[in-house]
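Undergrad: Each chain, written out:
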Amino acid sequence: MATTGSLTGALVRLQLKLSWRYTMSSVAMKVGSLIMALMLLGSVIPLMWGMFAMRGTSIATRGEVLTSGFALLTLLWPIMVTMMTGSNDMLDAGRFALYPVRMGRLMPGLVCSAAMGLGGVMMLFLGIGYVASWSTSPGTLVAAVIGWIVGFATCLASSRALAALLADVLRRRKARDLTIVVFFLVIMGFSIGTQLVSRSLAAGSITTNPDEFFAGLSKTASIIAWTPFGWSWGLPWALASGQGFKALLWLVLAIAWLVLMAWVWAHQFGKRLTSQLDAGGEAEKITKANPLDALLPATPAGAIAKRGLRYFRRDPRRLISVIAILMVPFLMAISMSMGLNDAPPDQRILMMQVLTFSPALAGWMVAIYVGWDISYDGSALATQIVTGVTGRDDRWGRVLAALILYAPITVVLIIGFTIYTRQWQVLPSVVGVSAALTLIGMGIGSWIGSIWQIPQPPAGSSLVGRNGTGGAAGFGASMIGMFLPVIMTLPVVALAALALLVNPLFGWLALVAGFGLGALVLWWGVRSGGRRLDRTWPEVLAKVTWKG
Amino acid sequence: MEFMTSDPLDPSPVPDGEPSRRARQVDFNATPAMLLSHLVKTFGAKVAVNDLSLAVPPGCLFGLVGPNGAGKTTTLSMVTGLLRPDQGVISVLGRDVWADPASAKALMGVLPDGIRLFDRLTGREMLMLTAQMRGVPAAVAAPRADALLEALTLTADATTLVADYSAGMTKKIGLACALIHNPSLVILDEPFESVDPVSGEAIRSILHDFVDRGGTVVMSSHVMELVETLCDAVAVIAEGRILALGGIEQVKNGEPLQQRFLELVGVRDVSLGSLSWLGQS
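Residue numbers (our numbering), protein chains in the order written: chain A, 1 to 548; chain B, 1001 to 1281.
Simulated from the structure, these hints should not be mistaken for lab results. Any given hint could turn out to be false.
What the hints assert, rightly or not - DMTMM-like cross-link-like pairs, simulated, lysine to aspartate or glutamate; straight-line CA separation at most 20 Å:
1. A:288 to B:1146
2. A:285 to B:1146
3. A:285 to B:1150
4. A:547 to B:1113
5. B:1046 to B:1086
6. B:1046 to A:293
7. A:543 to B:1113
8. A:543 to B:1086
9. B:1046 to B:1239
Unchecked claim - Computed far set for chain A versus chain B, every beta-carbon distance over 10 Å:
10. 7
11. 36
12. 37
13. 75
14. 102
15. 105
16. 149
17. 304
18. 335
19. 385
20. 407
21. 409
22. 424
23. 476
24. 480
What the hints assert, rightly or not - Stretch-level coverage of chain A by chain B, calculated; a stretch enters the list once three of its residues show a Cβ under 8 Å from a Cβ in chain B:
25. 220-226
26. 284-293
27. 369-383
Since we're looking at a predicted model, the values are computed, not measured. For each residue, glycine too, the CB sits at the ideal point set by N, CA and C.
Sequences are here, hints too, so could you generate the full structure?
TA: In structure tokens form, the structure reads like this:
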């Protein structure tokens, strides 16, 4: 029988070996990991240096900055870890269910393995900085070491507790799908939020005065220190401020919180060790007919379009792309309208007119999506190939599905944006440019999608990351797919510019040219992409099959 | 009982101790339903299919048997247009699969193994959309879909996403998709894997009826008992080559198929000496 110690060692070695193998699995992974490690080092080293430098600052400044900073890290830690590992969790209790080990013997090893990895290394360096910052007196030094140990342990325990709680939920496909979409929305929210905040800072609508800033921080920090994420990190602050009772209370609360997190993890883990399999609840029934089916012809292309429409909603990867595409015009509009207030009046009208063109961007994104759609099929594409569907029907079916979903949305967006900007005179140009970008993009996408495919992990296999990358070929293809439609739309854009600057009548020319040119390129793309597919179905199937 | 009814016109008495169904007489001189000539496929240094030639007569249930890695799936993938052969010619009912894929594929119904399905569709949607891709009018496809779902005991799950199906149910819906357009030749890769005995019996009777009405079935399997009781003719392959080919009785040569198979493949004598600790307390 192995002892607890050797079991711990075995688990840590296993974790390191798997991480190493995963990191070294491909050139893209090696490069990606190197970049990530450099970025982490690049952020950690200045932070460490900053914390060393903070030794000379007042107790209040150190307390406020360090407590709120580390509390935020403690809050984000479990979320980040869960997103990175997803359902591919090596430390998942289910993996140990078949072995004759009790939980008590597994836990030390699992804690150690959880501390391995980039996050653990980062926390070690940051912890050194934190302790150094408080090393101005023996009392605060000891308090900082205790605070760091308890805080780090809380990070580990809470990330395991969250993963264990989610694991129960994530065994159901429906919940897994939903989680992927929600996580994506959270990330989008974060990135839009930071953009808004930084722009507001630049525009002066949020204070940049250091005194006001620190006053605000001081208020926030004193609240944060009283949350479960701040208790342990506030220890040296309370002690240095001469509040021994507060420090003791925080220590007790921090340890209690750690014990609670560890208990939740252990409890869930123990439950999963003995009840691994379940049916995952009642499967959902879909009885309603899709009303959009009536719009589609009873041809092979129509069948592929019907499937595509269903997949937009039922495949989380495609649902995410739908949401992302719909957000693009709004992101563009938000960043443009922020600059509006400062602009002189004559420029404002021009900017409003340009803003009216934002919906065309959605069309551009849709087109890029059409190009990659076949990659998301994975090996299921085989069931389509054996039916003998022609490449042309395949291309046309995918274009139809995207058109039926996005064309009405684009129309609504165009009308909405024009109502907002009240620039009705540019409407013909907007419609023309949008049509050109969408249709040309779909044509180019249909053609490129027949040449290059990149295997994608199947729907619901992991929350983030592990996306297929096609190396140099994939990069080249996505560049062509992105920019060739823009270049080919330039004549229509030129007409739209003439309408803005010379005579609005050019707008009507842009409208006609947009649809005409777009239809021509779409027809060409579907035809040549289809022919290529007919010649290369087996090779395409091999390329879209995910070997993960 | 199923075996008796599936071949009611056969007047010959069933000998004792034999499987209760007599294999159909197979005419290897008839124009083949599936013809492979000098097929070669290599993956790097590994030769998966090695100069394989095979003619499957029409109107029979043909079994392709072999150990793991023998080249069964590779061969069937080349027949169904999913994998391009390095050399050789494949024709299906007179149509060259790689020169004229459209007309060859129209005659075939295919159940591939080891691939994902478009599993975010419900069982019924998958059947109806397969029919539409095959050019079967909806008015014809709808009653066929209902009948297939009923025969394969999937009616209650027709509106459930295939992603939520069990492995056996997924196999069955794949089989239904292979039959919905009423093909002349059905290619099935491991059709009985993870299928429960009741559904297995249903699949057997569906396949027998199909062959009795003139269709041809080519199926792969590594379960010898199954092939022995189900198939009329068989090819034993190993390392990408054919070791034996013929009517089932002819290949068996008076022995159980399992025994004959082990002889043909050349079974390694498993000495259990080093495993003597197993089961000792």
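Undergrad: Verify the proposed pairing of residue 285 of chain A with residue 1150 of chain B, using a straight-line Cα cut of 20 Å.
TA: 17 Å, holds
Undergrad: Classify the label on residue 105 of chain A as holds or violated, using whether its beta-carbon is more than 10 Å from each beta-carbon of chain B.
TA: 25 Å, holds
Undergrad: Take the segment 369-383 of chain A, compare each residue's beta carbon with every beta carbon of chain B, and decide whether three or more fall closer than 8 Å.
TA: n = 6 at 8 Å, threshold three: holds.
Undergrad: Can we trust that residue 36 of chain A is non-interface, i.e. its beta-carbon lies farther than 10 Å from all of chain B?
TA: At roughly 30 Å from the nearest Cβ of chain B, residue 36 of chain A sits farther out than 10 Å, so the non-interface label holds.
Undergrad: Please verify that the nearest CB of chain B lies beyond 10 Å from residue 385 of chain A's CB.
TA: 6 Å, violated
Undergrad: Taking 20 Å as the top limit, are the C-alpha atoms of residue 288 of chain A and residue 1146 of chain B close enough?
TA: At roughly 17 Å apart (the allowed maximum being 20 Å), residue 1146 of chain B and residue 288 of chain A satisfy the hint.
Undergrad: Please settle this one: residue 149 of chain A was flagged as non-interface, so is its CB more than 10 Å from every CB on chain B?
TA: Label holds. Min Cβ-Cβ 45 Å, cutoff 10 Å.
Undergrad: Can we trust that residue 335 of chain A is non-interface, i.e. its beta-carbon lies farther than 10 Å from all of chain B?
TA: 35 Å, holds
Undergrad: Run the distance test for residue 1046 of chain B versus residue 1086 of chain B: straight-line Cα separation, threshold 20 Å.
TA: 13 Å, holds
Undergrad: Within a Cα-Cα threshold of 20 Å, do residue 543 of chain A and residue 1086 of chain B meet the stated pairing?
TA: This hinted pair holds, its Cα atoms lying about 18 Å apart.
Undergrad: Against chain B, does residue 7 of chain A keep a CB gap of more than 10 Å to every residue?
TA: 24 Å, holds
Undergrad: Is the Cα-Cα distance between residue 285 of chain A and residue 1146 of chain B 20 Å or less?
TA: 17 Å, holds
The structure fails hints 6, 17, 19, 25 (numbered hints given earlier, in ascending order).
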